[in-house]
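Trainee: Each chain, letter by letter, is given below.
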Amino acid sequence: TQLLEQSPQFLSIQEGENLTVYCNSSSVFSSLQWYRQEPGEGPVLLVTVVTGGEVKKLKRLTFQFGDARKDSSLHITAAQPGDTGLYLCASRNYGQNFVFGPGTRLSVLP
Amino acid sequence: DTGVSQDPRHKITKRGQNVTFRCDPISEHNRLYWYRQTLGQGPEFLTYFQNEAQLEKSRLLSDRFSAERPKGSFSTLEIQRTEQGDSAMYLCASSLEGPRGAGEKLFFGSGTQLSVL
Chain A
943 TQLLEQSPQF
953 LSIQEGENLT
963 VYCNSSSVFS
973 SLQWYRQEPG
983 EGPVLLVTVV
993 TGGEVKKLKR
1003 LTFQFGDARK
1013 DSSLHITAAQ
1023 PGDTGLYLCA
1033 SRNYGQNFVF
1043 GPGTRLSVLP
Chain B
4 DTGVSQDPRH
14 KITKRGQNVT
24 FRCDPISEHN
34 RLYWYRQTLG
44 QGPEFLTYFQ
54 NEAQLEKSRL
64 LSDRFSAERP
74 KGSFSTLEIQ
84 RTEQGDSAMY
94 LCASSLEGPR
104 GAGEKLFFGS
114 GTQLSVL
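Keeping their order, the protein sequence lines are chains A and B.
All you need for this note's numbering is the position in the first sequence, starting with 1, plus 942.
All you need for this note's numbering is the position in the second sequence, starting with 1, plus 3.
It should be emphasised that the hints constitute simulated quantities derived from the structure, not laboratory data.
These figures come from a predicted structure and were not determined experimentally.
There could be a bad hint or two in this list.
To be verified - If you want a taste of the chain B side facing chain A, the calculated C-beta under 10 Å gives, among others: (1) Arg18; (2) Tyr38; (3) Phe77; (4) Lys108; (5) Phe110.
Said to hold, decoys possible - No farther apart than 20 Å at their CA atoms in a straight line, the calculated lysine to aspartate or glutamate pairs in the EDC-like style are these: (6) B:Lys108 / A:Glu996; (7) B:Lys108 / A:Glu983; (8) A:Lys998 / B:Asp10; (9) B:Lys14 / A:Glu983; (10) B:Lys108 / B:Asp27; (11) B:Lys108 / A:Glu980.
Every residue gets a Cβ at the ideal spot worked out from N, C-alpha and C, and that includes glycine.
So here's chain A without its partners, still in its complex pose (with noise of 0.2 Å):
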């Protein structure tokens, strides 16, 4: 099974600052996804990165695949109250279920 680490586990920023997550593995990904999680919800699918040294950008958030294929880090521009949340990344497993990270659980204070 593929195991999936992020960092950092708790990040608490000021509004309006910039922020890294990182999501790496000692496996090569065939594909990873980033969703977000708010309290009480489901995970929401923000992207899906395929191919190495991939660049995806969603408004204020840029996603980058790394060159091998074995970590993805999701950048935050001038960070809102609403960006608050767990983010997670995820890769399909060698069968055929999606595994999870662990996330990075997200504040932005106003």
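Since the structure of chain A is already known, use the hints to place chain B on it.
Mentor: Same frame as chain A, now just chain B:
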């Protein structure tokens, strides 16, 4: 498209009781997944279906857990003889299997929060 629906949203039960949760996926989605999530952790895979066939089940899953998807539409997850360690959020997700490499997208429900007293 009303999204993935889970029922109930919350369940409180006493240790030793049986509980059953229901998941209604997005109507055209052929894959359905069950995950469990405890506080401060990411979702942990339990099992998944393609249409009515249960294709994979976590080795960590106790025999007290069983899931069905009888007609390839809604699914139920039953936990028998609940234990306090079963307390968690149980999440259901559905997806539509697409062309290879197209990137399968999981759509999650809001989950069922189980508390075993």
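Trainee: It remains to establish, for every hint, whether it holds in the given structure.
Mentor: Okay, the hints, checked on the actual structure:
1. Arg18: violated, 24 Å
2. Tyr38: It holds, given that the least Cβ distance between tyrosine 38 of chain B and chain A is near 8 Å, below 10 Å.
3. Phe77: Hint on phenylalanine 77 of chain B: violated, closest Cβ of chain A at ~17 Å, above 10 Å.
4. Lys108: holds, 5 Å
5. Phe110: Holds, about 7 Å.
6. B:Lys108 / A:Glu996: Holds, because 18 Å separates the two Cα atoms, which is no more than 20 Å.
7. B:Lys108 / A:Glu983: holds, 17 Å
8. A:Lys998 / B:Asp10: violated, 35 Å
9. B:Lys14 / A:Glu983: holds, 15 Å
10. B:Lys108 / B:Asp27: holds, 17 Å
11. B:Lys108 / A:Glu980: holds, 18 Å
The structure is inconsistent with the numbered hints 1, 3 and 8, although it conforms to all the rest.
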